[in-house]
Every structure is written in structure tokens, then in C-alpha cells.
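Visitor: Residue numbers for the sequence shown, in the numbering used here: 4 to 455.
Treat the hints with caution; some may be incorrect.
[To be verified] Across the chosen pairs, the derived CB separations fall in these ranges:
#, residue 1, residue 2, range
1, 287, 253, 22 to 28 angstroms
2, 429, 401, 23 to 29 angstroms
3, 26, 267, 53 to 59 angstroms
4, 251, 396, 42 to 48 angstroms
5, 401, 98, 53 to 59 angstroms
6, 401, 94, 57 to 63 angstroms
[Said to hold, decoys possible] Under the rule of at most 16 angstroms between Cα atoms (straight-line distance), these lysine to aspartate or glutamate pairs were calculated in the EDC-like manner:
#, residue 1, residue 2
7, 343, 385
8, 205, 257
9, 190, 161
10, 205, 161
Just so you know, these hints were derived from the structure itself, not from any lab. Given the structure is predicted, the values throughout are model-derived calculations rather than measurements. Idealized CB from N, CA, C, for every residue including glycine.
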Amino acid sequence: MLFFAALLGCQSPDGALRAVDVQLGETIPNVLEARYEADAAGESWVRWGYSEDALIHETAHRTMSPGAMEHLVVGPASGRTVFVQLVTAPDGGDEETSAVVSLDVPVAPSGLPRLYAEGTPGDEGLLLTAILSLDSGWVILTNAEGEIAWYMPLAYQEITSSVQVSLDGEALLVLLQDAFDNVTGTKLLRVGWDGVLIERTKLPSGHHDFVELADGRVAWIQDETITMEIDGEQRPVIGDAIQVTEQGGEAQQDAEPIFSLFDYHTPSATCQHQQSPISWQDKTALDWSHLNSLTYDAQTDRFFAVSHFLDSVYVISASDGALIDEVNPYVDYRMVMGGKPWSHPHSSWMRDGELLMFDNGMHHEPQVSRIARYTYDEERREMTQTWEYNHPNNGFAVALGDAHPTPSGNILIAWSPFGQIAEVNDAKEVVWTLETEAGAGIGRARWVTELP
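Can you make the complete structure from the sequences, with help from the hints?
Guide: Rendered as C-alpha cells:
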């Protein structure tokens with residue numbers, strides 16, 4: 004089949020499209036590399052599909068100029084035969100197409116857990132998530148049928164808690180931590196769609212989450228440790244700060260953060276989850292604040308950070324790090340209209356006046372995890388729960404978890420410890436599910452609808 008593809012790739016129609024060559028990617032074979040020589044200016048793209056008569060997928064259209072051109076085709080599934088055709092539209096000319104090339108995409112690596120999908124999601128595209136395992140973690144893209152379309156293996160004891168598409172759409176940003184040493188082991192990788200590492204940024208004591216900013220910098224969560232008297236005893240206490248760093252190189256461990264919780268609160272162990280010392284990084288200390296989520300609202304130039312154990316959402320000025328508001332249903336804000344406050348949550352979607360929370364429910368009775376949407380009024384100090392969805396089997400996610408709106412308006416939920424993802428509409432109907440093999444957890448999840 005590859006020999007046949009090479010023969011077809013040598014066929015060159017007259018006009019703007021010459022010397023067509025389509026190959027499996029060297030690092031990730033699912034990512035096809037389509038090259039050609041252009042004689043004219045215009046635009047070009049690639050059509051592809053799993054049948055020569057049904058080239059139903061298209062890459063993004065690119066500006067074409069005379070000379071060597073290349074397209075990456077992201078989406079072909081492991082173990083499938085894919086048919087590919089290059090298309091050009093020269094300025095002032097007619098559309099031109101290459102011969103159709105067929106390639107056999109290899110099966111997925113044996114270490115990847117099987118995925119089982121059911122239903123129809125509200126959007127076309129690929130799902131971006133991570134398989135969580137100390138032995139063999141992965142960053143993956145999968146289609147709606149649960150077929151692997153992109154993968155990046157993680158090293159032994161390496162975990163990721165946040166994976167995002169870069170703002171320019173040209174790469175994936177992967178926050179990696181050593182499970183037992185994030186003092187020196189945390190880094191942010193910028194990985195091209197072809198699977199090649201573009202850039203590495205070291206983030207000492209970084210953990211959980213980050214956000215890329217429009218100027219190319221990244222904001223990230225860093226833990227801080229102080230020693231203070233608690234109940235008459237001097238004890239180390241872990242809090243959190245937010246750092247802003249240029250991508251590439253190494254952030255400084257002792258750099259002045261843009262925001263530190265220690266500047267606004269005096270630690271106290273008021274919750275049972277804070278009272279037992281934990282071994283974290285190179286220290287044993289009380290885990291006081293445990294920031295686990297960070298987002299940025301460009302319209303208001305504000306960061307939003309979730310403290311897992313303090314049950315607070317901190318609204319922070321991105322320009323100077325000033326604390327603008329602390330949204331907490333137990334402190335200062337009051338619930339109205341009969342809503343239920345969250346208990347030790349996560350969040351990947353926070354905006355001025357609106358929050359979508361993955362409510363782990365650690366202090367609920369019974370302990371049932373759920374997704375809840377809230378609006379809040381900063382002036383009236385009121386919160387209103389506008390929507391909720393409980394785990395269908397009354398499951399309790401003791402760690403992690405994620406919820407994010409989809410482009411179509413549904414909610415994409417990662418029930419992380421159970422290895423399950425569900426897309427739920429506003430009527431609380433499950434329209435699509437994805438499940439891993441037993442024993443494989445799953446990370447934050449996003450639909451990627453704009454591909455190269």
C-alpha cells in the first residue's frame with residue numbers, strides 16, 4: 004500500500020500543483036505530511052477520508068505562494084486506511100486537485116488503553132485529554148468513535164494535569180510534573196502537531212494548571228511554604244501563588260509572584276483535609292490552600308483561581324496581581340433561590356459573574372460529585388445556582404474532575420477517577436460518552452474544532 008501511495012504521489016497535474024508527496028508522520032504516524040511545489044499564489048488545503056469516494060474532511064485553508072509548501076493532516080485514526088488529496092485554488096484560476104493517495108495508518112501503540120465511545124457529540128472535531136497513569140500516561144486526541152488520532156507518551160511517574168491548544172493554534176501546551184518531585188520536575192512543553200518538541204519552560208514548584216496569555220507569556224500556579232504557629236506549634240504550611248513567566252528557559256524559584264495567598268489570608272487548618280501533614284515535593288507540611296484551577300478572562304483582564312480546600316474562587320487583576328474579589332458561598336456571599344454551595348471543587352471555566360464548577364463534593368452528605376453552574380453578583384454578594392448535573396451513578400470523584408462548555412453549548416464532563424467523559428446537554432441528556440479500560444484515569448477534556 005505504501006508503494007502504491009508513493010507512485011500516486013509522483014503524479015503531478017499541470018498548473019499550480021506539482022511534485023506532490025504525502026507521507027506518514029515520522030514522530031506520530033497519524034499526522035500526515037503533505038508536500039508539493041506551487042507555481043502560483045492563492046490558497047491550498049487537503050481533503051481526506053476513509054474512502055476514495057468520501058473525502059469528507061478538510062484541513063484549514065492556507066495561503067499559497069510559489070515554492071515548496073506543506074500541510075499537516077491531523078485526524079486520521081490509528082489502524083485505518085486514509086485517502087488524501089491536495090487541493091489548490093490559484094488566484095484568478097480554477098481549483099486544481101492532485102491524484103488521491105492512500106496510506107495505511109499503523110495501529111495505536113500497545114500501551115494505550117482501549118477507548119469505548121457511544122452517542123454523537125454536538126460538535127465535529129477531536130477530543131483532547133490525557134490518560135492518567137504512573138506507569139504509562141498519555142496525551143491523546145481521539146475522534147467521536149473513540150479512535151486514537153494523536154498521541155504523546157509520558158515518561159514513568161510523569162503526569163499531566165493540564166493540556167491546552169496554544170493560542171496561535173500551532174501547538175499543544177502540556178504541563179508535566181514528576182509525581183514525586185515538582186520542585187525541579189515541573190515543565191511546560193510546547194509540542195507541534197507533528198509531535199516534535201518546540202520549546203520547554205521549566206516551572207519550579209509549579210502544579211495543577213496554567214494559562215497562556217496573548218503576549219506569549221504563561222501564568223501558572225506555584226506552591227509556597229512558610230513556617231508558622233498553628234495550635235501552639237511551629238509547622239510548615241503550603242500555600243499558593245501565581246507566577247507569570249516568558250515561555251522558554253527556566254523560571255526562577257524565588258521570583259516575586261504576581262499574587263500570593265499569604266498576602267491576604269492567615270492559614271488555619273479548619274478543614275479535616277488540611278489537618279494531616281502530607282509529603283509534597285521535598286517537604287512534609289500542612290496542605291492549606293491547594294489551588295487547582297486557573298483561567299483568564301481577556302474581556303476583564305482578570306485571573307480566576309480556585310482553592311480546593313478553602314472553597315474560594317479568587318478574582319485577581321492580571322495587570323498588577325491585586326485581589327479584586329473572593330467568591331465563596333460560605334464566606335461573604337450568600338446562596339439565593341435554594342442553590343447548593345460547592346465543596347472542594349475544580350473548575351476550567353470561570354468568567355466575570357459566572358462560574359462552571361466540577362463540585363467534587365467532599366463535604367456533601369452523601370458524597371456525590373456533580374457539575375454546577377452559578378451566577379454571582381459582586382455588588383449584592385449573592386450567588387445563584389442555575390444548573391446542576393449529578394454523577395449518574397452517584398459517584399464520588401475524590402480527586403481531579405473537569406467541566407467545560409462545548410462550542411455547541413453542551414457541557415463536557417471528565418469524571419477523572421472513573422476514566423469516563425460525558426457530554427451532557429442543557430436538558431441533562433447524555434449525548435456522548437467515552438470510557439477508558441478499567442484502571443485508567445482521565446484528565447481535563449476539550450473538543451478541538453479548529454485543526455491545522
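Visitor: Each of the hints needs a verdict: does it hold here or not?
Guide: Hints and how they fare:
The hinted range of 22 to 28 angstroms is satisfied by residue 287 and residue 253, whose Cβ atoms lie roughly 26 angstroms apart. Range check, residue 429 to residue 401: about 28 angstroms between beta-carbon atoms, so the 23 to 29 angstroms window is met. For residue 26 and residue 267, the Cβ-Cβ distance of about 55 angstroms falls inside the hinted range of 53 to 59 angstroms, so the restraint holds. In this structure, residue 251 and residue 396 meet the distance hint of 42 to 48 angstroms, their C-beta atoms being roughly 45 angstroms apart.
Between residue 401 and residue 98 the beta carbons are some 55 angstroms apart, a value that agrees with the proposed interval 53 to 59 angstroms. For the pair residue 401 and residue 94, the supplied restraint of 57 to 63 angstroms holds, since their beta-carbon distance comes to about 59 angstroms. Distance restraint check for residue 343 and residue 385: the Cα-Cα separation of roughly 13 angstroms lies within the 16 angstroms cut-off, and the hinted pair is therefore satisfied. Our distance criterion of 16 angstroms between C-alpha atoms is met by residue 205 and residue 257, whose separation comes to about 13 angstroms.
About 11 angstroms separates the Cα atoms of residue 190 and residue 161, which keeps this hinted pair within 16 angstroms; it holds. Distance restraint check for residue 205 and residue 161: the Cα-Cα separation of roughly 14 angstroms lies within the 16 angstroms cut-off, and the hinted pair is therefore satisfied.
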